[in-house]
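Just so you know, the sequences run in chain order X, C, R and A.
Going by full-length UniProt numbering, the letters in the first sequence line up with residues 1 to 388, in that order.
Going by full-length UniProt numbering, the letters in the second sequence line up with residues 1 to 388, in that order.
Going by full-length UniProt numbering, the letters in the third sequence line up with residues 1 to 388, in that order.
Going by full-length UniProt numbering, the letters in the fourth sequence line up with residues 1 to 388, in that order.
It should be emphasised that the hints constitute simulated quantities derived from the structure, not laboratory data.
Just to be clear, a hint being listed does not mean it is correct.
Note: identical chains are not told apart, hence a pair may lie in one copy or across any two.
Only pairs whose alpha carbons sit at most 20 Å apart, straight line, appear in this in silico EDC-like list of lysine to aspartate or glutamate [said to hold, decoys possible]:
#  : residue 1 : residue 2
1  : K261      : E278
2  : K305      : E278
3  : K50       : D360
4  : K26       : D69
5  : K386      : D134
6  : K49       : D69
7  : K26       : D54
8  : K161      : D135
9  : K340      : E232
10 : K386      : D69
11 : K331      : D198
12 : K161      : D328
13 : K26       : E215
14 : K260      : E221
4 protein chains.
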Amino acid sequence: MRKVLAVTGIRSEYDILYPILKEFEKQGFEVCVAVCNAHLSDAQNNTYKKIEKDGFRIADKIDCLLSTDRLTQRSKGVGLLIAGLTQTAEREKPDFLLVVGDREESIATCVVGNYMDILTIHLGGGDPVYGNSDDPIRFACSKLAHIHCATADEYAKNLLKIGEDNWRILNSGNPSYVNIANIPQKTREELSGFLNFDIVSKDYITLLKHPLSSEVEESGEQMRLAIQSCTEFAQTHNLQVVGIYPNTDPGSYKIIEEIKKGEELYPNLKFFKTLPREVFINIIRNTLTLAGNSSMGILEAPFYKLPVVNIGNRQKGRLNAGNVEFVDYNKSHIIQALQKACFNQNYRAKIQELKNPYGDETSCKKIVDFIKQIDTQDRRWYVKTKLC
Amino acid sequence: MRKVLAVTGIRSEYDILYPILKEFEKQGFEVCVAVCNAHLSDAQNNTYKKIEKDGFRIADKIDCLLSTDRLTQRSKGVGLLIAGLTQTAEREKPDFLLVVGDREESIATCVVGNYMDILTIHLGGGDPVYGNSDDPIRFACSKLAHIHCATADEYAKNLLKIGEDNWRILNSGNPSYVNIANIPQKTREELSGFLNFDIVSKDYITLLKHPLSSEVEESGEQMRLAIQSCTEFAQTHNLQVVGIYPNTDPGSYKIIEEIKKGEELYPNLKFFKTLPREVFINIIRNTLTLAGNSSMGILEAPFYKLPVVNIGNRQKGRLNAGNVEFVDYNKSHIIQALQKACFNQNYRAKIQELKNPYGDETSCKKIVDFIKQIDTQDRRWYVKTKLC
Amino acid sequence: MRKVLAVTGIRSEYDILYPILKEFEKQGFEVCVAVCNAHLSDAQNNTYKKIEKDGFRIADKIDCLLSTDRLTQRSKGVGLLIAGLTQTAEREKPDFLLVVGDREESIATCVVGNYMDILTIHLGGGDPVYGNSDDPIRFACSKLAHIHCATADEYAKNLLKIGEDNWRILNSGNPSYVNIANIPQKTREELSGFLNFDIVSKDYITLLKHPLSSEVEESGEQMRLAIQSCTEFAQTHNLQVVGIYPNTDPGSYKIIEEIKKGEELYPNLKFFKTLPREVFINIIRNTLTLAGNSSMGILEAPFYKLPVVNIGNRQKGRLNAGNVEFVDYNKSHIIQALQKACFNQNYRAKIQELKNPYGDETSCKKIVDFIKQIDTQDRRWYVKTKLC
Amino acid sequence: MRKVLAVTGIRSEYDILYPILKEFEKQGFEVCVAVCNAHLSDAQNNTYKKIEKDGFRIADKIDCLLSTDRLTQRSKGVGLLIAGLTQTAEREKPDFLLVVGDREESIATCVVGNYMDILTIHLGGGDPVYGNSDDPIRFACSKLAHIHCATADEYAKNLLKIGEDNWRILNSGNPSYVNIANIPQKTREELSGFLNFDIVSKDYITLLKHPLSSEVEESGEQMRLAIQSCTEFAQTHNLQVVGIYPNTDPGSYKIIEEIKKGEELYPNLKFFKTLPREVFINIIRNTLTLAGNSSMGILEAPFYKLPVVNIGNRQKGRLNAGNVEFVDYNKSHIIQALQKACFNQNYRAKIQELKNPYGDETSCKKIVDFIKQIDTQDRRWYVKTKLC
């Protein structure tokens with residue numbers, strides 16, 4: 001029986017790992033998880049407990065999130081994680097290490113896999129985002145990892161460009177779709193009851209906006225404009241606006257202030273903190289459009305065939321499935337884009353027909369099928385003979 | 001005054017850094033050095049003391065070399081170094097981090113530079129060596145570093161291939177040549193006296209062979225064949241053989257056993273442990289050829305216009321300036337190659353004319369001139385907007 | 001010039017170090033500070049900035065506070081601190097390490113001093129508090145430290161009991177009194193204005209109560225009772241109640257809930273979050289009594305000649321200067337004790353005459369005078385020849 | 001089933017743990033071992049493999065031995081061990097941590113036990129040795145550990161003196177005797193054959209001398225004198241001298257040089273590097289006396305009823321069972337003491353009657369019987385209410 005040791009540091013990334021790990025178990029792999037970073041923080045609700053409840057064996061809890069906002073936090077954190085994970089990896093002797101993305105746990109896992117001679121599977125390589133310290137990390141991970149699962153064909157091609165061997169790369173698509181597909185349908189009546197907000201007699205749009213690290217100062221004002229634009233548009237068309245709270249990155253305090261002011265000013269606006277996943281998914285299923293700047297609009301909305309209005313620079317440059325309108329912070333532009341997203345029937349019909357570049361709900365199976373056929377005795381998987 | 005914090009873990013890499021740091025000081029930079037890894041080990045002669053004697057300020061001594069031969073050594077070692085270096089980098093607030101190559105200190109420095117937002121200069125990127133865990137590290141460093149000094153034009157091009165911005169790359173050539181050029185000449189009489197071995201009345205060839213991590217088991221037998229071939233060839237032509245002990249990598253014990261046997265069997269053979277640099281350089285200046293598998297044969301011999309016989313797989317695939325014959329472990333092939341290297345006057349004349357792809361003794365000046373013109377306030381140096 | 005490296009992790013402990021460090025500087029020592037733990041946390045207001053403003057050189061910032069409430073936090077934190085502080089101590093080569101109390105930084109500093117062969121001064125040994133994991137740490141520090149500054153004669157005697165050499169022990173008394181003595185007087189009018197609460201026309205009592213780790217569950221109810229008792233007593237005598245928020249230990253949330261309820265119920269009660277030190281000290285100078293369970297009541301109130309009502313188990317067993325009444329959670333007992341503290345003129349007169357076992361404002365001078373006469377070349381200071 | 005997690009860093013200390021762990025298993029405890037430090041070093045023969053062969057589950061391998069002779073080695077090493085062991089302890093959730101002595105693993109384990117709230121058993125407390133950095137560590141461990149197993153009644157009393165609760169202390173005696181008792185007898189003919197040295201026709205004395213950290217410079221000269229004295233005495237009485245190589249502490253190089261010279265000079269002298277335990281034990285069983293300064297002479301020789309000549313300061317001040325003569329570095333004094341040890345029949349008879357203060361082969365059973373009756377739910381074991 002082959003063993004996979006997955007490494008995860010935060011809820012969002014675990015949501016992607018979860019269906020893959022379940023598929024690994026289904027296909028007879030032994031699975032265990034090293035949890036670290038934000039999962040172990042009270043401030044982040046100790047999300048490691050969810051992983052335990054999901055039935056995975058916790059190989060180790062590796063504390064590496066330092067309580068500071070200085071730049072040392074992530075730098076020293078990577079060091080602590082590498083030191084701790086080395087201990088775990090030697091004891092567990094997994095056949096595969098598995099990690100996602102561009103964060104501290106990604107680079108730490110790839111470094112450990114490289115030196116400990118354990119095949120390392122990296123999910124999400126070749127996806128160029130620009131503007132923060134995560135981006136080069138993602139590409140450094142690709143140079144270190146032995147096996148690449150890319151979420152789009154274009155990203156797989158980027159991995160070829162930077163010199164990775166073709167046979168190490170799988171275009172698996174986005175593994176989180178199977179999660180979404182598995183969530184049971186809820187009626188609008190149920191949702192309305194849960195939210196205590198009428199989205200039965202009226203249609204609604206959804207607003208979800210995070211701060212951007214290079215525009216922290218402007219985040220409050222930007223949110224005010226976004227709220228104004230959405231509520232005005234909604235009033236014109238007798239719609240409701242369902243808002244979702246931002247993540248906890250710097251700038252979020254200012255956004256929350258604007259949320260509170262907005263809720264007092266506009267009766268057609270209501271914001272929600274953390275919604276159970278099955279509620280959130282059903283809100284997205286039923287909304288006319290998603291406005292804001294969530295990565296969901298890029299990566300998951302195509303799966304729902306949902307038109308998206310992306311406001312500002314966040315997500316700019318990522319692969320657009322054809323469902324996203326990018327607009328700047330200008331009220332009339334935003335309203336125009338909302339108009340198109342909600343009521344332009346040609347556009348909406350075209351989105352129904354889009355071919356999702358991020359794959360479909362078969363990603364997890366593709367990944368495990370690919371890994372299964374790997375001969376872990378074959379040294380060519382461990383030693384790269386092509387690097388550029 | 002701008003400040004450079006160099007990070008070094010071992011003598012060989014410090015030899016490359018030394019002339020660059022001297023040039024930085026000459027051009028008005030403040031220089032300090034974080035020493036780590038083998039420099040701090042008694043088993044490696046505490047080479048950090050040499051750095052102190054050279055007059056550089058030691059910013060911190062960061063212990064990270066664990067006393068074990070298990071794979072955990074390098075993996076956990078990187079973690080410890082990142083943790084320690086983060087502390088140093090925050091205190092020193094250098095304008096630039098400077099590191100060489102493909103070892104633990106290379107990746108640790110690039111990770112710290114990335115998260116601590118300090119411009120990181122990486123020397124030696126784009127040079128594809130294959131067969132061990134260092135190779136992917138070198139390329140991961142290139143994805144993280146902000147400024148690249150490549151030692152050959154072909155290597156600079158490899159950096160472009162993997163998606164680095166053109167304006168971040170300098171083809172500086174090999175910085176160690178200035179070291180070599182500065183070593184005073186010694187006569188063969190002086191060398192002979194120092195070695196207590198006659199290389200005045202007779203010409204000599206030099207043998208320097210290290211183990212290869214993927215061929216550890218064969219290292220003894222391979223050395224035996226190399227010694228046999230060299231001494232037989234030498235006897236035929238009335239030459240001496242000057243041997244140098246290998247590095248301490250796994251397999252070296254078996255090599256040393258063969259050295260001891262060889263010295264008893266062959267009167268024209270004598271091996272030396274560690275030679276002072278000024279002796280070693282002058283031995284190379286006067287030898288007919290260098291046999292074995294040292295990286296010197298590839299990277300430095302072109303500077304001496306010296307023919308080289310590279311035996312076995314180590315160094316295979318690196319850029320050949322035209323002075324290297326690659327042969328396998330076959331006595332007649334080795335002897336043939338030695339014959340050509342020592343006595344084929346056409347071949348030797350052509351080597352005198354070679355254009356060295358690894359540059360010349362101006363590398364250090366090129367590097368410092370390049371760094372000097374960088375505006376450290378300009379954020380485009382810090383944030384990569386091209387990654388593939 | 002001799003050098004002292006002080007190690008500090010939190011504001012409260014730095015308040016004790018500050019006047020000692022100033023005295024060291026005054027007497028010609030070089031002083032530097034390694035800051036760690038809560039000082040570096042945003043959640044704790046980055047108090048390291050205050051140390052910088054006070055003009056001390058920061059030797060290193062050593063992140064060791066992990067963002068988790070699991071028990072691993074303090075355990076792994078000590079490990080990180082030892083690793084980081086070793087690096088600092090080797091570079092700085094201080095003549096003395098200086099640390100206070102019973103926390104992670106205390107044990108880490110004493111371990112580093114022991115192995116790095118640096119004379120270690122420990123403040124606050126021999127003071128037995130019971131009930132949490134800090135207590136054995138304090139006594140382990142005493143076995144490791146080379147020089148002991150005890151805050152009371154009884155505590156100095158405890159150090160003798162556990163086998164420490166007499167000549168290593170100074171009964172310095174509590175060093176924080178010099179801080180208090182230096183704070184300028186403020187009139188009650190000024191205080192009243194600052195607090196926006198009338199303490200001019202009416203006398204007042206002060207309430208400051210922290211949670212206790214072994215009674216976390218009861219902390220809310222205990223606070224409710226304390227508030228009830230104080231406000232009832234105050235109403236009877238036409239007094240005001242000035243409350244201070246608790247520290248952030250587990251149980252504090254429940255206390256804060258009761259504070260909020262109390263402020264709505266009782267008009268003669270007002271609570272304050274963090275008061276500037278000069279305001280706080282002057283409130284204490286003018287209050288009739290201090291109720292609650294702050295260590296201030298034990299350690300500092302004797303200096304003010306202030307009667308204290310200590311409610312519950314916290315502080316029980318510490319040396320009572322004669323100014324503290326211990327009562328349990330029983331309203332009539334509390335009110336009785338408040339009555340005695342505020343209005344029993346015999347008792348209050350006796351407190352004015354108390355001999356403070358915790359010393360006076362000469363502590364810092366005593367400490368530096370003691371250290372000054374130590375011959376750091378004399379090996380008997382480094383090697384203990386009496387351990388029990 | 002209750003679980004014990006033992007922590008061990010070096011062969012000598014594991015020899016003490018081994019019979020205790022076997023007894024724990026016999027009495028139904030689950031046992032696992034965290035190995036660290038020298039056990040994981042190639043230079044120390046990777047002794048962790050012996051632990052695996054002995055059938056114990058390795059909970060984790062925790063690298064913490066840094067490859068340097070600077071003082072940072074042990075200081076930073078403790079930090080790394082605490083960090084790694086915290087991870088192990090949280091995962092394993094043992095009922096008891098178990099550790100021996102006065103080394104890095106002792107203090108690291110006691111710190112982890114204290115903060116992680118795991119009952120910590122410390123073996124060997126209250127035994128005052130003087131002269132190096134280990135000694136205060138031993139006593140700091142006693143202040144932190146929850147349960148003490150002392151190897152002599154006098155040591156148990158020392159623990160009372162430093163304020164430990166009576167009911168936490170067991171005078172178990174030395175656990176290693178059961179090891180010795182279990183080693184099968186070998187005839188002198190067998191030994192002679194193994195050593196290739198005649199100890200059949202002649203009686204012999206045994207010499208085992210280590211360096212002392214405070215007398216490193218003198219270690220060569222001291223060894224020369226010891227060898228001279230032993231061989232002269234042996235010649236006079238027609239005896240042989242069986243020598244054992246020293247440990248690897250600083251000073252050992254000089255000792256080894258004298259060993260080599262001595263073996264050339266004296267035909268009745270032969271030294272041995274590492275002897276299998278069953279050979280070594282039988283040599284001790286048959287020798288006339290043990291000369292030198294091994295702790296064996298103090299702690300184990302009483303079990304053999306063996307007279308010992310302790311030369312120099314090492315071991316001075318430890319409890320003498322009546323079998324040890326302490327002499328200084330003076331040839332006639334040494335020879336006199338050897339004379340008494342080998343041939344004074346009154347003295348030898350008295351030693352046969354000695355009451356061993358270090359107990360007997362029942363120590364392991366005593367320890368496990370004591371631990372077994374502990375109610376791990378009873379919080380008084382975890383929280384010390386007596387500290388001085």
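Hints and how they fare:
1. K261 / E278: This pair counts as neither: shortest intra-copy Cα distance 28 Å, inter-copy 36 Å.
2. K305 / E278: within (18 Å within a copy, 62 Å between copies)
3. K50 / D360: neither (25 Å within a copy, 52 Å between copies)
4. K26 / D69: Neither: 41 Å inside a copy, 35 Å across copies.
5. K386 / D134: between (25 Å within a copy, 13 Å between copies)
6. K49 / D69: between (25 Å within a copy, 14 Å between copies)
7. K26 / D54: Intra 14 Å, inter 37 Å, cutoff 20 Å: intra-copy only.
8. K161 / D135: both (16 Å within a copy, 18 Å between copies)
9. K340 / E232: Within one copy, since 15 Å is at most 20 Å while 66 Å is not.
10. K386 / D69: Neither. Shortest intra-copy (39 Å) and inter-copy (27 Å) distances fail the 20 Å Cα cut-off.
11. K331 / D198: neither (26 Å within a copy, 51 Å between copies)
12. K161 / D328: Neither: 31 Å inside a copy, 33 Å across copies.
13. K26 / E215: Neither: 44 Å inside a copy, 39 Å across copies.
14. K260 / E221: within (13 Å within a copy, 33 Å between copies)
Taken one by one, the earlier hints fail for this structure at numbers 1, 3, 4, 10, 11, 12 and 13, listed in ascending order.
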